[in-house]
Structure formats: C-alpha cells, structure tokens
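Chains as they are written, first to last, in the numbering used here: chain A, 1141 to 1374; chain B, 1141 to 1374; chain C, 1141 to 1374; chain D, 1141 to 1374.
Derived by calculation from the structure, the hints in this document are not laboratory data.
One or more hints might be untrue.
Each pair may be met inside one copy or between any two copies, as identical chains are not told apart.
When the alpha-carbon atoms are kept at most 27 Å apart in a straight line, the in silico BS3-like pairs for lysine-lysine are as follows [to be verified]: (1) K1248 - K1301; (2) K1293 - K1308; (3) K1293 - K1248; (4) K1308 - K1248; (5) K1364 - K1301; (6) K1301 - K1371; (7) K1364 - K1175.
It should be emphasised that the depicted structure is a prediction, and the values quoted were computed from it without experimental measurement.
Protein chains: 4
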Amino acid sequence: MKAKIRVPFFETSVKNYIYGDAVMAYAKAADAAAKEYDIDVIFVAPYTEIRWISENTDRIMVFAPYMDALRPGRGMAEILPEALKAAGAKGVVLNHSERPMTLNALKKTIDRANELDLITFVCADTTSEAQAIAHLHPDILNPEPAELIGSGKVSDMSFVKEVISAVKAIDPAILVEQAAGITTAQQVYDFIMAGSEAAGAASGILTSPDPFSLLNEMIGFVRKAKDELAKRNR
Amino acid sequence: MKAKIRVPFFETSVKNYIYGDAVMAYAKAADAAAKEYDIDVIFVAPYTEIRWISENTDRIMVFAPYMDALRPGRGMAEILPEALKAAGAKGVVLNHSERPMTLNALKKTIDRANELDLITFVCADTTSEAQAIAHLHPDILNPEPAELIGSGKVSDMSFVKEVISAVKAIDPAILVEQAAGITTAQQVYDFIMAGSEAAGAASGILTSPDPFSLLNEMIGFVRKAKDELAKRNR
Amino acid sequence: MKAKIRVPFFETSVKNYIYGDAVMAYAKAADAAAKEYDIDVIFVAPYTEIRWISENTDRIMVFAPYMDALRPGRGMAEILPEALKAAGAKGVVLNHSERPMTLNALKKTIDRANELDLITFVCADTTSEAQAIAHLHPDILNPEPAELIGSGKVSDMSFVKEVISAVKAIDPAILVEQAAGITTAQQVYDFIMAGSEAAGAASGILTSPDPFSLLNEMIGFVRKAKDELAKRNR
Amino acid sequence: MKAKIRVPFFETSVKNYIYGDAVMAYAKAADAAAKEYDIDVIFVAPYTEIRWISENTDRIMVFAPYMDALRPGRGMAEILPEALKAAGAKGVVLNHSERPMTLNALKKTIDRANELDLITFVCADTTSEAQAIAHLHPDILNPEPAELIGSGKVSDMSFVKEVISAVKAIDPAILVEQAAGITTAQQVYDFIMAGSEAAGAASGILTSPDPFSLLNEMIGFVRKAKDELAKRNR
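Please work from the sequences and hints to get the whole structure.
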C-alpha cells in the first residue's frame, strides 16, 4: 500500500544546492518541523542520501528526484524503481522541468511506481500540460511554469485556481501542489488557502539567509492554513 | 589525493540485477575476498547504496556507475560529483555502453573527477575508441566490445593485447582492464597474464548458479596471477 | 491559413524503407490515386525530399516527419519550422513512437506549427496518452499502440472506438486516424466505417509484394467508405 | 569514390540563420566565388535544401549538417545516409558542438559515411578532443573551442598550430580546418598561412552587414593564401 499523505502538506527538495552532511541537517530540520506542526512533509533527496535519511528521520516522506521504468536485470546507471523502494523511498518526482520525460516514458514510469506503491509526484508547466498529465492519474501534480522555477517569482492566483479546477475536472483524486518561485511562508499560506493541497519550496529556502528558520516557518504556515480551513469548514 | 589502486585488481558491479540487501550481501562477499587474497577490488554500486556500502565494508573501493559534470546549484535528478564523493565513492564509471557519453561531456566529466580526486574508469568499445579515450587520460580504461557485454563470450587474446599496447602507446599510465563476457576465474587469470592490469565481471557472476563462490574464486585467481607475475619478474 | 483537409483522408509515409527516386515514384503513385479517387492524402516525406515532392505533385499534402521548436538563428542540424514551410510542407508529424517528445517540447512545437499554419499530426500510444495529447489540441491525432507498428497486426475495434470517443470528449475538432499495423485495403475501409476520420499505412505497403497497387487500392477503399458513409447520412 | 577536395579550401554553413530562397541565393554566391577563384568550397545546407542546391550549383560541395548511422528500413525522422547521398550530398558534418555525438555513434557514423563515400567533417572542441577524434580517422577535422562559436572571437595562433601538429602526429592524412569565430577575410588568410588546410565561417558572414561580399572576399583570400603558399614552395 502507498504511504498515506494528509493534506495540506509541504514539499521541499535540495536539488544540487547541498550534498552529504548538509542534506542530512536539512532533512533533520524538516523532520523536526513536521513533528512540531504535525504536518506531512515530502523530502526529495539525492539518490545517494535516500537510505541514510530514511533511516535517520521519523516523519518526513523521502522521495527520489526521478526514476527509470526498467525492471531488474541488465543496464548500468539507471535508477531502478526496486532499488529506490528498498532504500526507503516513499515516492518519486517525475517530469521535473530539469528532467523532462516523454509522455510515453512518463506513463510507463507512473505504472511502475503504482506497481511498487511509490507515490507519484509529477511536474507540469502550463495548464494544458497539467490537464494532459491528469489523464495519466499521478497521485500529486505540481504545475509550475518553467520560467518561475528558481526565479523568486510565484504563480499568480488566477493561474493557481485555473489549474486546480482544470486538473480536478479530469481526476478529483489528484492532489495539486504549488511550488514555483515560493520564497515566503505567507505565499505558502496563500496558495493553500486558495485551494492548493500543498506548497513546496527548494531554491527559495536554500538560497535564503537562514534556510532552517524559513523552512520551519513555511511548514508552520501550512499548519496555520490547515487550522484556518478546518475552522471555516466547521 | 586519489585513492591508490594496486595492480592487478578486480572489478565487479551489480548493474540492475540485484538491489537493497542483496547488494550489501554481495559487497560483503567482495570485501571478504579482497581481504582474504589481499587484492584491490572496485565495487560499482547503485547510487542508493554507495554510502551504505562504503560505511559497512573495509577494503573494497566503491565506485558510482556514472556522474554528471555539473556543479552544486540548480538542477534536479543529476548525479552531482560532490554528492558521490561525500557518500564515500572513490571513483566513477564513465561511458559505459549502456550510458554512452558525448566526447565533450566525457572530457568535462573526467576533469570534474580529477578535481575531486575521484578515480575515472572509462569504458570503450573498439580499439580505435580506446585510443581516442586514451587522449582524455582516464585512470582506468576498460575496452569491451559492446556485443560481448552480458553475452558470456570473451574478447580474444589478440584484441586484448592489441588494445593494451595501443592505449599504452598514448599514455602508459592508464591502467587497462578486460571485463567483457568473463564467466570463469580462469579467464580472469588468462587476461591478467596476457598483460591486463585488471579483470572484471558482473553479469557473468550474477547470473551464475553460485555467485558468491564464483566471485571469491575470481578474486583468488587475480591473486594467483599476481603471484605468478611476481615470480616471473624476480 | 492551414491547408484544408477533407475527411476521410489517407496518410502514408516512407519511413526509411526507400529514398531518393523511389520516394518520388511512390509519391507520384499516391498523387495519382489521390486524383483518381478525389481523396486527400498526407504524404510524410524525408526532409531531403519535401521540396522535390512538393514541387512535382499536385494533390498530396507533404508532411515532415518531425520538427524542432527553435526559431531562426544559431544551431546546427535542427529541423527549423520555417525551413519546412519554405520547402512546401503543409504539416508535420510529432511524437512518433520512434521519435518520442517530452510533453513540454510537444506543446511548444504544436504552438510553433500553429504560428506557421502547419498542420499537426501527433502520435499517441495508449488511450490515456491520446487523452493527454488531446489537451494540446493537435489537428490530427494518431493513436497507435507501439507494439503494433510495423507488426502487421491492427488495433481491435474496441480500442479504435474507445480512443475516438475519448479524444472527441476533450476536443471534438481533433481528427482521429488509425494507422498501426494496417496491411489491407479492407482494414482501411473498416476503420473508417468504425468512425476514424482517416487511415494510414507505411510498412504494410512498403513491405508488400506490390506496393503501388496496394497503395492505390487502399486510397480507393477510403473513397468507398466515404461514399458509403455519405449514403447512410443521406 | 569520395569527391576529391583540393586544399586550401573554404567551408560555410547557414545554420538556422536563413532558409528557403535565401539559402539558395547564398549557395549561388558561394558557387560563383568558388568558380571565380577556383577554390573548393564546402557548403553545409539544411537537409531540405541539399537536393535543390546540389542540382542548381556547379562547383560547391554540398554537405549535410548531421546524419544517423541507421540503415534503410524502419524508423521515422532519422537522417538516413543513403537519402543524403541520393539527394546529392558529398559529405556530412558530425559532432558539431550544437549536435554532439557519443564516441560510439561517431565511430559508427564515420564508418557508414566511408561505406557510402561521403566525406566526413568532424568537429572537436579542445586539442585533446581533436586527438581523440583523429583516431577515428575522419577526412576533415574542425577543432573549434565551443566558447568561440558565433562569438566573433577567433582561436589564437598557438592553439591553431598546436592542434594541427597534434592531429597530424596521429594521422597526417586528416585535413585540419579553422572556423571558430572567423569574421574577416584576413583571418581566413592568416589561419591558412599558419598551416590550416581550410578556413570556415557561418555566423561571422551571415550576421555581417553585407554577407555576399564578405563571403566572396573570404574565398578570394583563400586563393590569395594558396598563391602565396605556392610561391613559397617553388
């Protein structure tokens, strides 16, 4: 069975900004905040750190940044789904704008992830791409206009709302995250209040003056939004 | 400083045949044989297991199956050289026939490896490719005709001798290994006696009825060849 | 303005089976049949023959087998959309199973084609891929399960009907073709009678004993189906 | 038999700067200058224009900007060597920095070109890449540091001389061209006088105020260098 993820959740990755011990320190900070605020956190780790982080954290869900669709056997240097699972990964990011996939490979890789109960987190660019991907039924869809990634500029609310409703019209079970260009905890709060089931940040945190406190604050603001939404729905 | 490797040495990888605990068991067997025979062994591990194996073995030298040339920063899903180094990798395989690289990327990636003191193990196909790659001055060159890989058929001795002398004529410091299609310890012995500084096997071991004992026997035969060569040179 | 295409139409390509004069002879045969039966025919030609065929035929619509999304300027060896247009291409095949594209590149390339009034003919594999691509609004969608291409086995009618209705539910303006594995004129007729707006064949014709007469017969059967459908709709 | 090329020669391409009729006009200008100065000129044309230009010029040798190594048969959108040959191409550019090839593909494609008597024009970046490629024995080697291409900055003479002697030491039959960053006829002259068997320009001509006259002047300066060299060797 796939790991359960409770909404709203937070997602972060380290991309290639840090490595080794620094990734572990960042993962520990994410884990502490996940516990402090009782918020689910997806932590996208480099392949080399998936096992280490999985074994040394309690609450974060470790995801791989990509995987191939191949099956055990020959080959070299591919990312074998079974190896990720064995190392403790709970899910995988697919079709990130820095690692775009053909539609056919994306479909096959989502199928492989489902076979191994790995949660699929699929990135899209425009609304039409998000709609396209919705037909492949990933667990989580992250529409982020490529020009915003790492830019410090966020999507505008009309795009956010449009893309959520476009995706849900095709498959209401898909969770929709906003992540492009997020640099403040307030943006995290705003996107969730606007209907996103998750918010995420990587560059925005790792290039900030105090990454650990910003990470904590962002996860705290997911909690704040969650409480506010619960109040409204009462 | 790069790790020192003593010739003749043995090299093995798991490709995608096994994953998780089975890789660790195989690595432990390689480590035990490396100690038993006092022979250096390169162990090419999946990215996810590099750290785990490095921390839990004593003698084998863990290599990554590939890396990118990029530097810390943006990106997603690339194999960052610094991350491999931090995880304990002592070297990296480049240009494997299942992960061929452009000449330009190969040059840049060898430069990056040198910068981080990672040993470069570069695969070639024909003699002319081996000569070409010799001009990029990798530490180890592994010429293996693509049609032999995983085939259970080995290179003939005339190819082996021709390619060694062709490579040494360009750069005598490059260590030359034979690995394609090796399935028996006798072949390991023969290739080293013919002038190879190393022999390697992956499919030949992992698809055999008793991989651990074949692995041990192969490493033992590297010892046997080493002793025989020492005797001759006395 | 894009060239107008009347349904039902026929589509053929030469892939790499033939080249040079043989392509021209095949194009002339397609052109003659298009005139004989007054049926629109898309002829996918190698880049090198697009201009030559466009200038020496009257009725067939010459398509390129692929193009890049780049704009005039630097680069080398890319397929510049403006160059195809200038050579006489009326449209372009995208995402063929032998040249799969990332979703993002596919979107951008469809946009470029629209900008230049080139008709987009986009291939898909499964129904879910066809639905995905429908959100990118190509002019023609050709769902062909990869395992059938060049196999001599055709899609079954339930797949054909399912995929047509799935695509039309998203965008009724998209024309849907069936092409995978077609080897007989009767199959052409059957697919069109089942609701396909077009049928196509390449390997099935070019590896047959008498390609020209089979090509003529297939285009004749498009006519036959067209007449039959007209009669029914009277 | 391959077309004979007399040294020193000139080479130009249009990259993606121009297309259609503008390519033909540029080809006609190159052809006229080739005749005026009795100098061999390689003209790298987009695939779509190879046949048209070959049939409408007398002296220039039309080259393709790339080709694949595959053989006639299945596939789609590849550049089939036989199709280039049939269209009139006399040679092919391989491994351009905007279309880098794996070492293995480069070797196979050079072999295919030799099989069809197509002249191979292979690009390299640094001296070590040029040496590497020399072992694959192309007909022409064009070492051009990637950072100079389209930059308007030329290689310095010490690089030019070093790379020529490094290549000739491996295979004296390889013709060495200089092309990176050339913007003036004087540079063409200087590179040839320094030992290059050819000079080439693309961006430098096509982004100049008067491309046709600059093209003519450059080819004229190849003549001037040729006459000067002949005088010296008398």
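Comparing the hints with the structure gives:
no. : hint          : result
1   : K1248 - K1301 : between (29 Å within a copy, 23 Å between copies)
2   : K1293 - K1308 : within (25 Å within a copy, 37 Å between copies)
3   : K1293 - K1248 : between (33 Å within a copy, 22 Å between copies)
4   : K1308 - K1248 : both (22 Å within a copy, 24 Å between copies)
5   : K1364 - K1301 : within (20 Å within a copy, 49 Å between copies)
6   : K1301 - K1371 : within (21 Å within a copy, 48 Å between copies)
7   : K1364 - K1175 : within (14 Å within a copy, 57 Å between copies)
When each numbered hint is compared with the structure, no violation occurs for any of them.
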